[in-house]
Amino acid sequence: MDYSIEKFLWSLLGLFIVLNWGFLMASTMRRVGARLAGRIGVPMYQPWIDLVKMISLKTYLSHGVMYYIGPVFRLVGGIGMFLFMPILVGSEIWSNYSFSGDLILLLYFQSFGMLGMAMGASDSGSPHAAIGISRGLSQFAAVEVPMTLAVIAIAIQHQTFSFESIMQAQQGGILNWTIFTNPLASIAGMLAMLGAMSHSPFNLVKAPNEIPIGPPTEYHSSFLSVLRTNSAIIHVVEAALFMNLFFGGADTWFMYIIKTFFVYFISVFVGTVFPRFKIEDSVRWFLKWPTLIGIIAVLVAAYW
Amino acid sequence: MEEEKKDKFLAPENEIRQVAAPDGSIIEVNPLEDYFTQDRPKPYKVRKGPVEDFLNWARAESLWVLGFGTGCGSIEIPPLVTPRFDMFRFGIQMRATPRQSNVFVISGYLSVKTLKRAIRAYEQMPSPKYIVGLGSCTINGGMYYDSYNTINRLDHYLPVDAYIAGCMPRPEALLHGFEGLKKIIKAGKGHKANEYIENLDWYKANQKKIIKDWNMPDYNW
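Heads up: the protein sequence lines correspond to chains F and A, in order.
Under this note's numbering, think of the first position of the first sequence as 1, with each following residue one higher.
Under this note's numbering, think of the first position of the second sequence as 1001, with each following residue one higher.
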């Protein structure tokens, strides 16, 4: 792997683009939801203003060391997912720090931020945060099952745990995409994506009108701005993860933006149509159909 | 004599009690002093210059309102998120927790019970924070001016940045009030939170005159 300064700067530029694309996508999706409700919605630049405002608020609170480190863990989880996944297929400068086993590391980074956030939020001492954490972690544990099964099925299909190889194998036409060559794994993975994006119907954990805001209920000012930054990054990176696995990756930044937009749009579309699940219902749902499809996908990939 | 001193409104979990430590020694615990900080807040420094102007603009264009309806006026807030009024256009959003909000709409009359909760919520919000008094009840008591159970002048108990007169003001008036609040913030005059801290003794004396069962720390951090 290349560890030069130049490589680092390219990755930093990629992160900057992804961050701003995440903010723009967030406000766009809020406008889409608003239009469906017959409203106009927030201005396009609202996430940036919110960020500046949150940083400008004063804080004099201390809840302990872990309270400060929690949002940092969460941000590291998002940036880690970004850093170890190639952005564009077949590109040397936009390959980030991907290596032959990056798919496993990525699955780890997905839960890394959640666990750090859980520790930080529980340090805040708010009972609402504790309830939010137990809900969030149980839902995430249920989401992990079909997602991991889908990843295993794809790994067996392509005989590799490397993103670059999986993306290369899908090049050369739409029919080479995993969604056509391995539809069962794709369905299980895309259903798991609905949970990973934590959009409605699986947004009970952070929905403002449930137990107030969930785990980050005590987080404010700069802490909240770090969490907002992370959520902007992670929405793009999660969409890119599923784009790379199922939709052939992207060979230009234009395709990257188009494809991540539509992958994210699937979860928003489902979210505007379906109301919110209770946590026990969502856990049961993930452990039923997506898991069943995932198990069949693994068996098909192994024995077909 | 001892019986008279005892505060009959003190919640059971806040009473002074004795706890046995692991080594067998007896420790006296006073929850109000041991579990809550008794520190007084300090006013923040008000800066000037182009950077502060930019921050003020951001604060004005991103008003996060605490979702806490205190009186009958809170019925005017839900229409703001509907297609007809749509406050999101103006950067106004609702938050469910005081930690993440910086605008508190006192919507209508404030009963003695609710005043206590309003104070607790207001003090937990990060500065700079703003209060909008909605309806005549917050100005002079309105139609509840002689009620035994409501306060008449809100600004004796909490610092108010903007009033919206009327009984009830319509949602348009509320939006107009927010626009007025934005002008105040952009002009760099939205520092009532500092005023509250500088005159904390006066505000606390007024609040304690009304709230007889004061079983919380002086300042709710």
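I should point out that these hints are in silico values taken from the structure, not numbers from a laboratory.
No experiment lies behind these values; they were computed from the predicted model shown.
The beta carbon of each residue, even a glycine, is placed where N, CA and C say it ideally should be.
Heads up, some of the hints might be wrong.
Stated by the list, open to error - Covered by chain F, according to a simulated footprint, are these stretches of chain A (three or more residues, beta-carbon under 8 Å): (1) 1084–1094; (2) 1117–1131; (3) 1153–1165.
Tested hints:
1. 1084–1094: holds (count 6)
2. 1117–1131: holds (count 3)
3. 1153–1165: violated (count 0)
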